[in-house]
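All chains, please: the whole structure from these sequences, using the hints.
What follows is each chain in one-letter form.
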Amino acid sequence: MSALKVVISDSGILTPFGNLESTVKNLLACKSSIKKENLFGLSIPFASFEDPKYRNISEAFSIIKKTMDLTEYNNSDTVFIYAAAKGDLSGLEGYYNYPNESIDDLPSPILDKQAEQVATLLQLQNTHRITISNACASGQIAIETAKELLETDQFKTAIVTGFDALSKFTVSGFNSLSALSHSLGARPFDESRDGLTMGECAGIAILKIDDAKENDIVIMGAGSSNDANHRTGPSRTGDGLLAAIKSSLRDANITENDIAAVKCHGTSTNYNDAMEAKALYSLFQDNCPPAASLKGALGHMSGGGSLVETLIAAEILHKRLLPPTMGLTKCGVEEPIKVSPETQAIEGNKILCLSAGFGGLNSSIILEKVS
Amino acid sequence: MNLYINGFSSITKKGMLSSLKGKIDFLNNETPLTIGRKSVYSKLHTGFGKLNPPDKLAFSAASLILDNIENLDKENTGIVLGTLSGSASTDFRYIESIKEGFPSPAYFQATLPSSPVAEVAILFKLKGPDRIFSSSNGSGIEALNGAIRLLVLNKATSVLVLFINGIDSCDSSNPLLKEVNKEPFAFGLLISTQKNETSLNFTFQSSYGGNNKKVDSEVEVAYFNKLINDLYSTGNFNTSCNNGKLIMNIQIKKES
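Respectively, the protein sequence lines represent chains A and B.
Counting in this note's numbering, the first sequence runs from 1 upward without gaps.
Counting in this note's numbering, the second sequence runs from 1 upward without gaps.
Careful, some of the hints might be misleading.
[What the hints assert, rightly or not] List time: in silico DSS-like cross-link candidates among lysine-lysine, alpha-carbon distance up to 30 Å:
1. B:K99 - A:K113
2. A:K246 - B:K125
3. B:K195 - A:K246
4. A:K66 - A:K31
[As the list claims (entries may be wrong)] If you anchor each label on the Cβ, the simulated ranges turn out as follows:
5. A:S340 - B:T198: 53 to 59 Å
6. B:S172 - A:A29: 50 to 56 Å
7. B:E100 - A:L184: 28 to 34 Å
8. B:N211 - A:R320: 43 to 49 Å
9. B:L153 - A:D105: 40 to 46 Å
10. A:L4 - B:N211: 24 to 30 Å
11. A:L184 - B:S172: 41 to 47 Å
12. A:N287 - B:K23: 54 to 60 Å
13. B:T239 - A:C30: 57 to 63 Å
14. A:T329 - B:K50: 39 to 45 Å
15. A:E50 - B:P175: 30 to 36 Å
16. B:G209 - A:K330: 55 to 61 Å
In short, the hints are calculated from the structure, not lab data.
Ideal Cβ placement from N, Cα and C applies to all residues, glycine included.
This is the structure:
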C-alpha cells in the first residue's frame, strides 16, 4: 500500500550559529548566540549573524545554496514559496537614508520582488512562485500551504524559503512597543523574563510528495487559527493556539498522546509564554511531553525563523534530543509544562512545532520521523 | 462538496457595491481611502478614521459583507488576503517617524502585509485559519484559490477573501513602488460550505498547468471588478483567470 506523504527531502539554513549542523550542535551543547551588541542605536542583547553581510538576502541564500543542488526542480512541477514577515529591508532603508542614490541594485521592499530575486539566485525561475506573509508565523504557514498543494496533486515538489534580518526598522519598532529585553536577553518561560531578543535567519526546505521511507521526516499535520483578540498581544486564554494545535492533530489523524516533544514559540515575553503554557496545559493536562523554546539561544528570528525553527526541529527529531531552553533558571508560568535548562530525551517520533504572529496568527505543525 | 457565495463587496474609485447594502455612491469627493465609517459599518469604531490605507480598505470591504451578519460560524471562518502593495504605505510612514526621532508604535504594529487581517479578525471575531499572499501581481487569484483549498480540505466552513491595494496617492510617486498598481481598491467575497436563503451556487476548476507568465495586475483587478459587478447585477459569473501556472475557472449561479 502506497504511503505517499509530504517528506522533507533536504534543507539548509543560516542562523547566528551558522548552518544546520553547526546550529544543532551548538544548541545541544547548551550554547547561546545571544550577546549584548551595539546595533541600530541600541546597546542590548541580540542574536546576530556572524557576518552582517548576510543581512543582504542574496548573500544569505548564496551561502545556503552552496550545499544544495536545486536545479532539478526548476520546472512546472515545482512551487516556490517565499515566507517572510518583513524580509530584507535594506532597500527601503537605503532609499530613505540616501534618497539621491540609485535604488536599482537594492532589494525591493515588496516581498514578491524579493521572492523573485531568491528564485533567480537559486535558478528556479521556471517554478510557480507564491509569497506568503503571515507575520512571525509565515514559515510554518508556508509549510502548511506547501502541504496542501502537494497533497492535492497540484505540484510534486515545494521549495519553501524563508528570510528575515535585523534592521533599524524592526529593532526600533519592537523597542517602541517595549517588547525587547534590554538586559537579560531572552529567557523563555523564566520567572524573570523581560522581553524578547531579536535574531535573524534564512532557510530553504525541499518538500516532496513521496513514498515515505524509514527515517524520513514527514509533515504529518498542519493547522492554523486566529485569536481575534489584539494586534500585538496574544489571547490571554491560549484558546486560539489550542485551536490551531487541535486542527493539526486532526490533520495528522493522531491525538496529543502521540506527541513526544514540543518545539514551543516561547518568545520570552510575559504574555506569549503565559498564553502558550495555558494552551499546552489545556491540551496535555499533567502529561506534557518535553518542551523547549529555541529563542533563548537563537533569538526571535521572525517569519523566516518560523521555517528555520521547524527545520531545526526535524533535525533534533533525528537526534532524539530536545535542546535546552536557554536562559531558563526558574519556571515562571503557572502551568506545569515540561521546559528545562538542560537537554531532554525525545522518547517517540513526533514533535509538535508552534509559531505565532502579530494579529493573533497561530500555527501548529506536526513532524514525524518514519519508523 | 457544495460551496456558496454568501456575500460580496467592492470599493473602487467608481464607488462601492455590497451584497448587504447594494450600490453606494461616493459622497462629496469621497475616495476609497476617505470613506466614512457610517457608509460601511453600523457600529462604533473610534479608530476607523486613523486606520492605515490597507487596514481601512480591508475592513471596509469586510464590513460591506459582515456588518450585522447572522448565522456565520465565526470560530471556523478564516480570512485569505491578497495584497498588491503589502504594507508599503504604512512602512513609509513608520520610517518617516524613525527619521523624526520618535519611532511610532502605532505605525509599526501595522507594518506587516498581514495587518489588515488582524483588523478584520479582531473586529468581526473571525477565528479560523488565515493566509496572506503578498504580491504586486497575482495575489488576488492565489488568495481565491487558497480560500477554496481551505474549504475543500475542511479547515474552515467559511472564508472571507479580500483582495486589496492599500496604496495612498501620496505614495504613488515613490520610486520603490514603481512597478506597483497605483489605484487603491478592495474586493471581498464570502465563500462558504453553508447555504443560506441568499446564497449563490459556486463551482470552480483550478489547476497549475498554465505557462509561467504572471498575470498583469490590471487584468487581475478587472477580473475582480467584473466578478463583483456581475454578482451584483445578475448573480451569475463564469470566467477564468490565470496567474502564472494557476488556471482558475469560476462559475457562480443564482438559484432560479
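### Query
Okay, E100 of chain B versus L184 of chain A on CB: inside 28 to 34 Å?
31 Å, holds
#### Entry: S172 of chain B paired with A29 of chain A, Cβ distance criterion 50 to 56 Å
52 Å, holds
### Query
Between K99 of chain B and K113 of chain A, is the straight-line Cα distance small enough, at 30 Å or below?
Holds, because 25 Å separates the two Cα atoms, which is no more than 30 Å.
### CB-CB spacing for R320 of chain A and N211 of chain B relative to the 43 to 49 Å hint
Check passed, 46 Å falls within 43 to 49 Å.
### Message
Is 39 to 45 Å respected by the C-beta to C-beta distance linking T329 of chain A and K50 of chain B?
### Response
43 Å, holds
### Message
Against the range 41 to 47 Å, how does the distance between the Cβ atoms of L184 of chain A and S172 of chain B compare: consistent or not?
### Response
Holds, at about 45 Å.
### Query
Does the Cβ-Cβ separation between L4 of chain A and N211 of chain B fall within 24 to 30 Å?
28 Å, holds
### Query
Between E50 of chain A and P175 of chain B, does the beta-carbon spacing fit 30 to 36 Å?
33 Å, holds
### Task
Would you mind confirming whether the straight-line C-alpha gap from K246 of chain A to K125 of chain B stays at or under 30 Å?
19 Å, holds
### Message
Taking 40 to 46 Å as the stated bounds, is the beta-carbon spacing between L153 of chain B and D105 of chain A within them?
### Response
42 Å Cβ-Cβ, so the 40 to 46 Å window holds.
### Query
Is the Cα-Cα distance between K66 of chain A and K31 of chain A 30 Å or less?
26 Å, holds
### Task
With respect to the beta-carbon atoms only, verify the hint that T239 of chain B and C30 of chain A lie 57 to 63 Å apart.
59 Å, holds
The structure agrees with every numbered hint stated previously.
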